[in-house]
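Construct all of the structure, not just a fragment, from the sequences and the given hints.
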Amino acid sequence: MSASLADEGLVIPDAPTEPGEFERSLRLLRDNGRKLLVAYVTGGLHDEWPDVVRAVADAGADAIEIGIPFSDPVMDGPIIQEASELALRDGASPVTVLDTLRTIDAGVPLAVMTYYNLAFHMGHERFAASLHEAGVRAAILPDLPLEEVGPWATAADPAGIETVMLAAPTAPDERLPRVVARSRGFVYAVGLLGVTGERDALAASSLVIARRLKAITDKPVLVGVGVSNAQQAAEVSQVADGCVIGSALMRRVVAGEGPAGAGAFIAEVRAALDAS
Amino acid sequence: MSLSEPSASGRFGEFGGRYVPETLVPACQELEAAFRDAWADQTFRDELDALLADYAGRPSPITECHRLSEELGVRVLLKREDLNHTGSHKINNVLGQALLAKRMGKTRLVAETGAGQHGVASATAAALMGMECKVFMGEVDMERQALNVFRMKLLGAEVVPAMSGSRTLKDAVNEAMRDWVATVENTHYCLGSVMGPHPYPWMVREFHTVIGKESREQCAKLLENEIPDVVTACVGGGSNAIGIFSGFADTTAELVGVEPAGGAAVGRGVPGVVHGMKSYLMQDEFGQVQEAHSISAGLDYPGVGPEHSHLSSIGRARYEQVTDAEVIEAFQLLSRTEGIIPALEPAHALAWVIRDRAKLAGKTVLLNMSGRGDKDVAQMMEILG
Chain Y
5 MSASLADEGL VIPDAPTEPG EFERSLRLLR DNGRKLLVAY VTGGLHDEWP
55 DVVRAVADAG ADAIEIGIPF SDPVMDGPII QEASELALRD GASPVTVLDT
105 LRTIDAGVPL AVMTYYNLAF HMGHERFAAS LHEAGVRAAI LPDLPLEEVG
155 PWATAADPAG IETVMLAAPT APDERLPRVV ARSRGFVYAV GLLGVTGERD
205 ALAASSLVIA RRLKAITDKP VLVGVGVSNA QQAAEVSQVA DGCVIGSALM
255 RRVVAGEGPA GAGAFIAEVR AALDAS
Chain E
121 MSLSEPSASG RFGEFGGRYV PETLVPACQE LEAAFRDAWA DQTFRDELDA
171 LLADYAGRPS PITECHRLSE ELGVRVLLKR EDLNHTGSHK INNVLGQALL
221 AKRMGKTRLV AETGAGQHGV ASATAAALMG MECKVFMGEV DMERQALNVF
271 RMKLLGAEVV PAMSGSRTLK DAVNEAMRDW VATVENTHYC LGSVMGPHPY
321 PWMVREFHTV IGKESREQCA KLLENEIPDV VTACVGGGSN AIGIFSGFAD
371 TTAELVGVEP AGGAAVGRGV PGVVHGMKSY LMQDEFGQVQ EAHSISAGLD
421 YPGVGPEHSH LSSIGRARYE QVTDAEVIEA FQLLSRTEGI IPALEPAHAL
471 AWVIRDRAKL AGKTVLLNMS GRGDKDVAQM MEILG
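Chains as they are written, first to last, in the working numbering: chain Y, 5 to 280; chain E, 121 to 505.
Everything labelled a hint here was simulated from the structure, so no lab data went into it.
Owing to the predicted nature of the structure, the values given are computational and were not obtained by experimental measurement.
Backbone N, C-alpha and C define an ideal beta-carbon position, used for all residues, glycine too.
Any given hint could be a false lead.
Said to hold, decoys possible - Which bits of chain E does chain Y cover? Going by a derived footprint, with three or more residues having C-beta under 8 Å, they are: (1) 133-147; (2) 298-305; (3) 392-405.
Said to hold, decoys possible - Every beta carbon over 12 Å from chain Y, so not counted as near; a handful from chain E, in silico: (4) S122; (5) E278; (6) K290; (7) H318; (8) Q499.
Next up, the structure:
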């Protein structure tokens, strides 16, 4: 397979051996015994979104994923779809989100989470450079799996953008190490079969995938998709190095709870992680 | 040239690929392997051929349109996919995929649908093979194709409205993919066109090559030159077009795809990535996918199958655009002159023939009549008053 991919100019470059800025920052916290919390905030949703980012950082998020809204978010459930649609209706674009991001001094590392077409359309080099200029150090592109990541990673690695790979419960044992080897920043463990969104209980699959990943890598392993509240965050972080919280936070923002509500929720999750 | 197999990464030239969430990568790989295995297995091919003959009613005839030809000064032949069971070419693909899904041990089909033709075909195949079936359909399309919604329910399928975005075919695809991400262990995504991640564009084409194969044989008997001058079909995702093109790609026949002006991915799009594939795509200056606007729910799609992008870029096929008004005229003309009420989708191809009749004068045109117009009658009644 890889030989023929090379024939097509689709070489997947090896990830640099040295961790980047984003990963170093998460490793440092993890190695000091802290459970990691990454919060997801949709960029461009209401004028106050920069304040939501600051509030979430102040409340104890260790890094923040900024969602650049895309018209067709196939990996996202109803809440993030709605947040994206509202932001797009308000005129959000990669340019407006990154311009605003440049002015936010959140004090924690920033990643973007968006879909590949926005990077492809702008051009890989230009997209990677604009992320870096805006203070972003990592990118999560959920529709860009290992086999397709080559051309993007070739531009992103030298630009100082760490591409976080998703590791899914469906991956066979022979595939996981290859996904992990290409992942930078952290390894995004997909907690369940499904799209982003809140669930009543933590899926057993999230502990299974976290365990499988922890057994093969020293990179930070964070579980996302379906981690819905403080108690579930603490539960999954018994095995994983931490978690990503998105829909549960964005539901509050979409409902108009504002920076204060967002901060209070993240503080609650932080407290549960610290107590676990 | 004949249409070739895609590259190892699932590409036709620079188009195609497999841009799916990591969760679905193993499922796409498994599907590719299962399809290769089945397609090389004579037992599978025989079983499918028997279904196509005894259940779907193949081969479909070619009808020579005497009165229409006289009126246009162009010899028009119709490949009658509208006479298949369920009323369109879609049955070719779903019988293949449902049979494959069963072979893979899947018990449930999920599908997207625009006009409802693929949804009806999927529901039909599921009923035939005793499988569960869930069809996503844009809320807007559910209103304009209420008859097909009822038909799917009658066949035992669950029809779920896609409420996000433009609430048409594009959003139904998103919802079907989201469902598949959650249910991949027991579910096969029965994709309805030559689009999506590898192996779909290739696999769906293979299931529709029966259209091209039959047409080639029928034309050999019917035509003095054995091949028509022009082979034309409407293009949304492009499955009926690729099916008929496949029979003539290695001939001198000109291949013409006809897109709706409001959803002309080849004509007005630039390369982009959505729904698992790289292809021409209508998008804004930032890469947000634009909403298509067409009178035909089945062609209301901002993208196109990657092989069409490839055929266009290498110049083997060309792609024309027609307006809703031209389609309405074509719809009526065929009904009046030949006693065939076409679906709005193939009426696009006819609309192009009518518009370009001067250039086509004296030529023989083979047009894929991909579906019958019963589903569109209520909508046309409103428009024509």
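Violated hints, by number in ascending order, as checked against the structure: 6 and 7
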